[in-house]
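4 protein chains.
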Amino acid sequence: MTDSLHDLALQLDQFAKDRDWQQFHSPKNLASALVVEAGELLEHFQWLTDEQSRALVPEKREAVAAEAADVLLYLIQLTSALGIDPIEAAQAKLKLNELKYPVDRARGSSKKYDEL
Amino acid sequence: MTDSLHDLALQLDQFAKDRDWQQFHSPKNLASALVVEAGELLEHFQWLTDEQSRALVPEKREAVAAEAADVLLYLIQLTSALGIDPIEAAQAKLKLNELKYPVDRARGSSKKYDEL
Amino acid sequence: MTDSLHDLALQLDQFAKDRDWQQFHSPKNLASALVVEAGELLEHFQWLTDEQSRALVPEKREAVAAEAADVLLYLIQLTSALGIDPIEAAQAKLKLNELKYPVDRARGSSKKYDEL
Amino acid sequence: MTDSLHDLALQLDQFAKDRDWQQFHSPKNLASALVVEAGELLEHFQWLTDEQSRALVPEKREAVAAEAADVLLYLIQLTSALGIDPIEAAQAKLKLNELKYPVDRARGSSKKYDEL
Numbered sequence: 011m012t013d014s015l016h017d018l019a020l021q022l023d024q025f026a027k028d029r030d031w032q033q034f035h036s037p038k039n040l041a042s043a044l045v046v047e048a049g050e051l052l053e054h055f056q057w058l059t060d061e062q063s064r065a066l067v068p069e070k071r072e073a074v075a076a077e078a079a080d081v082l083l084y085l086i087q088l089t090s091a092l093g094i095d096p097i098e099a100a101q102a103k104l105k106l107n108e109l110k111y112p113v114d115r116a117r118g119s120s121k122k123y124d125e126l
Numbered sequence: 011m012t013d014s015l016h017d018l019a020l021q022l023d024q025f026a027k028d029r030d031w032q033q034f035h036s037p038k039n040l041a042s043a044l045v046v047e048a049g050e051l052l053e054h055f056q057w058l059t060d061e062q063s064r065a066l067v068p069e070k071r072e073a074v075a076a077e078a079a080d081v082l083l084y085l086i087q088l089t090s091a092l093g094i095d096p097i098e099a100a101q102a103k104l105k106l107n108e109l110k111y112p113v114d115r116a117r118g119s120s121k122k123y124d125e126l
Numbered sequence: 011m012t013d014s015l016h017d018l019a020l021q022l023d024q025f026a027k028d029r030d031w032q033q034f035h036s037p038k039n040l041a042s043a044l045v046v047e048a049g050e051l052l053e054h055f056q057w058l059t060d061e062q063s064r065a066l067v068p069e070k071r072e073a074v075a076a077e078a079a080d081v082l083l084y085l086i087q088l089t090s091a092l093g094i095d096p097i098e099a100a101q102a103k104l105k106l107n108e109l110k111y112p113v114d115r116a117r118g119s120s121k122k123y124d125e126l
Numbered sequence: 011m012t013d014s015l016h017d018l019a020l021q022l023d024q025f026a027k028d029r030d031w032q033q034f035h036s037p038k039n040l041a042s043a044l045v046v047e048a049g050e051l052l053e054h055f056q057w058l059t060d061e062q063s064r065a066l067v068p069e070k071r072e073a074v075a076a077e078a079a080d081v082l083l084y085l086i087q088l089t090s091a092l093g094i095d096p097i098e099a100a101q102a103k104l105k106l107n108e109l110k111y112p113v114d115r116a117r118g119s120s121k122k123y124d125e126l
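Quick note, the sequences are listed as chains S, F, U and H, same order. Counting from 11, one number per residue, gives the positions in the first sequence under this note's numbering. Counting from 11, one number per residue, gives the positions in the second sequence under this note's numbering. Counting from 11, one number per residue, gives the positions in the third sequence under this note's numbering. Counting from 11, one number per residue, gives the positions in the fourth sequence under this note's numbering.
Among the hints, a few may not be true.
The list treats identical chains as one, so a pair stands whether inside a single copy or across any two.
To be verified - As a list, the in silico DSS-like pairs of lysine-lysine whose alpha-carbon atoms are at most 25 Å apart:
#	residue 1	residue 2
1	K27	K105
2	K70	K110
3	K110	K27
4	K105	K70
5	K103	K70
Note that these hints are calculated values from the structure, not bench results. Only a predicted model underlies this, so the values are computations on that prediction, with no experimental measurement involved.
Just chain S, same shape as in the assembly (with noise of 0.2 Å):
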């Protein structure tokens, strides 16, 4: 994990503990907490189209911000709950959709994301 996803998994660690909130905490609540905060981000673009979602004011533009802030949180939280690097896990991912999806074959199709 890099030093600033670890500096904040140590300090949202204290902050739990400070509170006595790890009983709150299982894996399967993080979790839960995680999915609640993607909804508040989709939440600002659900009735936005895909040009006015490219070209979002700066208060709008902030709220995401805030919202994706949650998210990252809630994921770090998990994550280290359960001993994995995030971006251990990302680059891995990363690599296994370069073989997925083949630059010859996936070009410029929407196809492949329909493949289900």
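Starting from the structure of chain S, add chains F, U and H where the hints point.
Same frame as chain S, but now just chains F, U and H:
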């Protein structure tokens, strides 16, 4: 942003360029994809008890790591597209939470979590 | 509740009893399952434009119908477990929305949607 | 579709027409709104234990009912926009689930839930 998150951002940007996928990567769509992956992450926990979620078998832990990776990859792409530094945003939110939930009032209580 | 929703509620209750699954069906878990299914529903749309989503091919429409079914099944189980009548609740919410979004002020504006 | 769901569908359709909101109600956007509401529903449970979720105080139960209503309202609008009968789809899915999870094999086991 940290070096590792920045590296991932650059790799993801190139990954999308190589496949001509930027057309699909509006912030609106990236926020949707993030929620979808967060749901796949939660799915691993939906029938488990809190205790079971604190004692995952290795295969389950690996599956959760892969979904956490997906969430992080979309979070990086979304914040990158909007010019948001996720680490900075997370640090700011943590400071805000420290003011919102003072130790002396928040200790041990889930009520603070329930005050909406 | 209507006859059809009530029938489904009874069938779902028997389905769970037959398999000894009520132990997993706490309202907490049912709410999680509902979100997971809602994510699977959204997944079908995540890379589509608004226009494409208004013109789904039959296979895609069938896939969406199956996910909508999953969402409804969990919604029925959750409200049933909590003694909530979903039709009554929906009618009440619609009345509330009529007061929250008076026609003369809400007409044509997405701003009402964005006022949080 | 049942009379009650059909009534709600007609009322929702008129509600949107009156406010010139059909422009925002692409199936893509409705699916996003549904997920957002499902997240707000889950939020009421995220720090509760299974047992606590089976014994909600009346105020919490009312709050959950309002969110369940929101989910149902968007589900009706989405299925209506796509010409899907949600009751028919739910009945079909339930039959499929009876085949997928035969009583003799599925009884008492969460493993069937975990087979993805």
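Consistency of the hints with the structure:
1. Taking the shortest Cα distances, K27 and K105 sit within 25 Å of each other only across copies (16 Å), while inside one copy they are farther apart (36 Å).
2. Taking identical chains as interchangeable, the C-alpha atoms of K70 and K110 lie at most 25 Å apart only when they sit on different chains, with a minimum of 22 Å there against 35 Å within one chain.
3. In the homo-oligomer, the alpha carbons of K110 and K27 lie at most 25 Å apart only across protomers (16 Å), although the nearest pairing inside one protomer, at 42 Å, exceeds that limit.
4. Taking CA atoms no more than 25 Å apart as the test, K105 paired with K70 passes between copies only; the shortest distance there is 20 Å, against 33 Å inside one copy.
5. When the C-alpha separation of K103 and K70 is checked against a cutoff of 25 Å, the pair qualifies only between copies, where the shortest distance is 16 Å, while the shortest distance within a copy is 30 Å.
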